[in-house]
Amino acid sequence: MAEFLSLREAVSRYINDGDTVAMEGFTHLIPFAAGHEVIRQKKRDLTLIRMTPDLVYDQMIGAGCAKKLIFSWGGNPGVGSLHRLRDALENGWPNSIEILEHSHAAMACAYDAGAAGLPLAVLRGYIGSDLPKVNDQIKFIDCPFTGERLAAVRSVRPDVAVIHAQRADRNGNVLIEGIVGIQKEVVLAAKRSIVTVEEIVDNLDAGVNACVLPSWAVTAIAEAPKGASPSYALGYYDRDNAFYKEWDGIARDREAFQAWLEANVFEKGAA
Amino acid sequence: MAEFLSLREAVSRYINDGDTVAMEGFTHLIPFAAGHEVIRQKKRDLTLIRMTPDLVYDQMIGAGCAKKLIFSWGGNPGVGSLHRLRDALENGWPNSIEILEHSHAAMACAYDAGAAGLPLAVLRGYIGSDLPKVNDQIKFIDCPFTGERLAAVRSVRPDVAVIHAQRADRNGNVLIEGIVGIQKEVVLAAKRSIVTVEEIVDNLDAGVNACVLPSWAVTAIAEAPKGASPSYALGYYDRDNAFYKEWDGIARDREAFQAWLEANVFEKGAA
Amino acid sequence: MSLEFTSSEMMSVTAARALTSEMTCFVGIGLPSEAANLARLTHAPDITLIYESGTLQTRPDVLPLSIGDGELCESALTTVSVPEMFRYWLQGGHVSVGFLGTAQIDRYANLNTTLIGDYRAPKVRLPGGGGAPEIATNAKEVFVTLKHSKRTFVKDVDFLTTVGFGRDGKARDNVPNIGRGPTIVITDLCILKPDPETKELVVHLLHPNVTREDVINATGWEIRFADELGTTPAPTAEELEILRSLKARTDAHHAGQQ
Amino acid sequence: MSLEFTSSEMMSVTAARALTSEMTCFVGIGLPSEAANLARLTHAPDITLIYESGTLQTRPDVLPLSIGDGELCESALTTVSVPEMFRYWLQGGHVSVGFLGTAQIDRYANLNTTLIGDYRAPKVRLPGGGGAPEIATNAKEVFVTLKHSKRTFVKDVDFLTTVGFGRDGKARDNVPNIGRGPTIVITDLCILKPDPETKELVVHLLHPNVTREDVINATGWEIRFADELGTTPAPTAEELEILRSLKARTDAHHAGQQ
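Residue numbers (numbering that gives the first Met the number 0), protein chains in the order written: chain A, 0 to 270; chain B, 0 to 270; chain C, 0 to 257; chain D, 0 to 257.
With the rest of the complex left out, here is chain A:
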């Protein structure tokens, strides 16, 4: 059964230096509050996995938490580059990081395979692409029935999954609604999981086929209202698109970034 913990306690107890950590949320329900807590606790040498490492990973990479990034699209959506990621990759600041990159389809399949307890995923992918040349986790197999050559990717099985969701009930069952992305998969694929939620309620008030994670499939739950902001939580608050644009200016400059980090992350404690 899921434990109810403070965000500080959950991150302290379940994320260790050197862990492989997947913080998911496909543009929606991005676990920013948890990411900031990881920065505050100065976790180091993390292998960060995420399909779309946007601002939350830009911040964590700029703060020196990561040694490796596994991803499929790294940008500030609709705005431009992730300048902290680029600074790490192009100039090794604050430290150099390794990367391993996939396509979205392959990464989605790799999470799906991880959730399904399989060591690999098979897809019709990477045809003609250079990506298999720079990613040794992509191979090709021949279908034993048709002979068709198909891509195979190693499944994703992180040490820790971190997601944000709308709400949990008092038994620790979690409801995710709207753009559900890859959140169910990452929790099921991981050894441990931390779920932050907007609120804890008596009754989930979910439809019969709603995306619900049972309490026994989750390690820890932490209440974190507005825990996805500047991303959004359907039914709670909108995406702060203005901040996504503003981030471009903050992240371009190391000092501006550090000042932002100090004022907005370090000087603010976890809820």
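Derived by calculation from the structure, the hints in this document are not laboratory data.
Do not rely on the hints blindly, as some may be mistaken.
In silico lysine to any residue, SDA-like type, Cα no more than 25 Å apart, as pairs [said to hold, decoys possible]:
hint, chain 1, residue 1, chain 2, residue 2
1, A, LYS190, B, PHE144
2, A, LYS66, D, LYS122
3, A, LYS244, D, THR249
4, A, LYS138, C, ASN176
5, D, LYS122, A, GLU97
6, B, LYS244, C, VAL61
7, C, LYS246, B, VAL78
8, C, LYS146, B, GLY79
9, C, LYS192, C, SER148
10, A, LYS132, D, GLY165
11, A, LYS190, C, ILE177
12, B, LYS132, A, PRO143
13, A, LYS132, D, TYR118
14, D, LYS122, A, THR46
15, B, LYS132, C, ASP172
16, D, LYS122, A, LEU99
17, A, LYS138, D, ASP172
18, C, LYS139, A, ARG191
19, A, LYS138, D, ASP167
20, C, LYS146, C, ALA102
21, A, LYS41, A, PHE256
22, D, LYS122, D, VAL153
23, D, LYS246, A, VAL78
24, A, LYS132, B, GLY146
25, B, LYS67, C, ARG119
26, B, LYS190, A, GLY146
27, A, LYS244, D, LYS122
28, D, LYS122, A, ALA255
29, A, LYS225, A, ILE38
30, B, LYS138, A, PHE139
31, B, LYS244, C, ARG248
32, B, LYS132, C, ARG119
33, A, LYS132, D, ASP155
34, A, LYS190, B, GLU147
35, D, LYS122, A, GLY63
36, B, LYS132, C, ASN176
37, B, LYS132, C, VAL153
38, B, LYS138, C, TYR118
39, B, LYS132, C, LYS169
40, C, LYS146, B, GLY77
Keep in mind it's a predicted model, so treat the numbers as computed, not measured.
Let chain A serve as the given structure and place chains B, C and D on it in line with the hints.
Only chains B, C and D this time, still in chain A's reference frame:
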């Protein structure tokens, strides 16, 4: 976009003698009305696919529609055997039929792979079982990353999928609720699809993550109120468990079966 | 106090007792479903029950006749698709106990639900594998329950639908990423467990009023008994009352459903 | 009547015109999204738009800034998981057109969104593949839209993220179960199509007021022109008005969202 047709017209136009037909509905939403229309139209030499060939296939096999059955569990759930299926297998009445049998997990994966446009599915399955000895659609592959031996099954890609659903809107979008089984997969895996629905409505009134088949993924829709009975439609009517028990007696005897078929299928037209 | 009870009731109550509130149990229809729901209504109120129709954490008030009765969905935490159930929840490693019935079982706890006789010319055609072949290897352990007779307890199953420990007791050796297999078999006569070394089924407890001869006469191979053979505790009045009321409720519900 | 319009507006309007109501379009963010929604608001009201965030058949009132803005989900027929989107809907063969932007394109319509320079020591690191590598082969055909310049139109892409027709124009030959690949490339200067034989991109239509020299000077290889070189029709007043009001609505919406 889906066409709205009468059930008679849909079956006549889209199911041909010799076709591979998958009528799905995992104990819930079983397309009985469509099955009866197939019997009335005396379709022959069908390869019938269904995870749980219960009464609907017992009736179709007894009526002589099938030449082959692909399945993973063939019984009258909670009651006993399918006597018409057994009579065909054990005594060749009314005609002998071939069978190809899987486990549920493998068949679910085979439909999933079919929906995903793949020629095969990979699963951790069939370990130590005799089923691979009698089913040539099961092979084993070695994972190129870990060396683990895993089962591979050929995906299911039927000519026609037939399902029953709660409702469609006037644009032909279909809502399925409750035990959704394998219905989305079979429609997406098939070349053509017929969906019978309890009713056609102005608005589906579905949640944001509801199981909805868009009109452009469906071939034909036919209104068939109580079209799943004696199975059930969540929100509309309950399972007629008494009939399932009664069927045992009807199906044990060829004459009783034929009398039932005459009175309940042939003498009743499609809606 | 001496209570009256049938051997079927003895079997259901004993099977129910094998389950605890901490377990996540993938439930087969029939005897396993009856035992699992009895456990939930008695000593294991927080047990998580999963049926292959996709219903997660369900709490039916009456026993479902089929694996996908409306009861199961309406009382579940949520209902997922069948591929998701088998892929994410079973194969993904979230099931602690798979609870299976069977038509035949052999000395190495292999199960046959496919047919009696020859595959191409069956004497009796049975329903087939269903969920069992993968429940048997993807659940962390497996409980089996069935009635004890020479027809059901055979030396070698006619067809090995679902692996216990294989034809030689070694089928699980060195196979990665699978569960421990059958750890207990509960019949209307006794409780059997596999020998830790050979994996052959051994009788550990006899039900009240059952003799060694009863078991020997109902088993198709030379059955072994544990050195310290015990007696299964009889059903309590409360267990019997809850089981009987569950079955009466179930019968009334299914008969009335028209 | 002579209307004023920018080259960006010309590009968006032209790209929108490539789409019809019958299409199911998997939409990339940015220029493709703008064009696809303009199509929907003008001549293709029934076009089905799909975004990789899982939103099926969406009808946003303003352009999403990201691929997963709330607008997309709230106005969609339904929203599925990301694995389902890529597996069932894209790879399953339900997408007629994949509409992509890119940072670089080469003469065989290969796309680079990974990096400029060497992989291990990039001059400029770009976002990466995202959905494009599989959209390019699993959609029945692909439309590409980007601004035309020597930096973006290169002879050979630095990194082949997403296949057009490969380094030699033959990458799709004899590969089963994939789409036709790029059939049209729309820029702010012209419309290009692959040569049916060699697959090299050829200019078919010049936008109003654009010369051959403009295109030659903005292309990093010796660009070919079709024998019958046409002129793209100018945007209509209605197209421009709808495009401008969509963009104004979008800017107001995103600026105000705090």
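- Query: Is LYS244 of chain B within 25 Å of ARG248 of chain C, Cα to Cα?
  - Reply: OK: LYS244 of chain B and ARG248 of chain C at ~17 Å, within 25 Å.
- Are the Cα positions of LYS122 of chain D and THR46 of chain A separated by 25 Å at most? 24 Å, holds
- Query: Does LYS138 of chain A pair with ASN176 of chain C here, judged by a C-alpha cut-off of 25 Å?
  - Reply: 22 Å, holds
- Message: Checking one constraint from the list: CA of LYS132 of chain B to CA of LYS169 of chain C, max 25 Å. Satisfied?
- Response: Holds, at about 19 Å.
- Compare the distance between the alpha carbons of LYS225 of chain A and ILE38 of chain A with 25 Å, and conclude whether the hinted pair is satisfied. 18 Å, holds
- Item | 25 Å limit on alpha-carbon distance, applied to hinted pair LYS122 of chain D and GLY63 of chain A | 22 Å, holds
- Given hint GLY146 of chain B paired with LYS132 of chain A - CA-CA distance at most 25 Å: Between LYS132 of chain A and GLY146 of chain B the Cα gap is close to 22 Å, so the pair holds against 25 Å.
- Task: Below or equal to 25 Å on CA atoms is what counts here, so check LYS146 of chain C against ALA102 of chain C.
- Result: 9 Å, holds
- Would the pair LYS190 of chain B and GLY146 of chain A pass a check requiring their Cα atoms to be no farther apart than 25 Å? 22 Å, holds
- Item | Straight-line alpha-carbon gap LYS132 of chain B to PRO143 of chain A, limit 25 Å | Roughly 16 Å between the alpha carbons, so the hint for LYS132 of chain B and PRO143 of chain A holds.
- Message: Need the status of pair LYS122 of chain D, VAL153 of chain D: alpha-carbon distance at most 25 Å?
- Response: 16 Å, holds
- Given the hint that LYS132 of chain B pairs with ASN176 of chain C, test it: the Cα-Cα distance must not exceed 25 Å. 23 Å, holds
In summary, the structure agrees with every hint in the numbered list given earlier.
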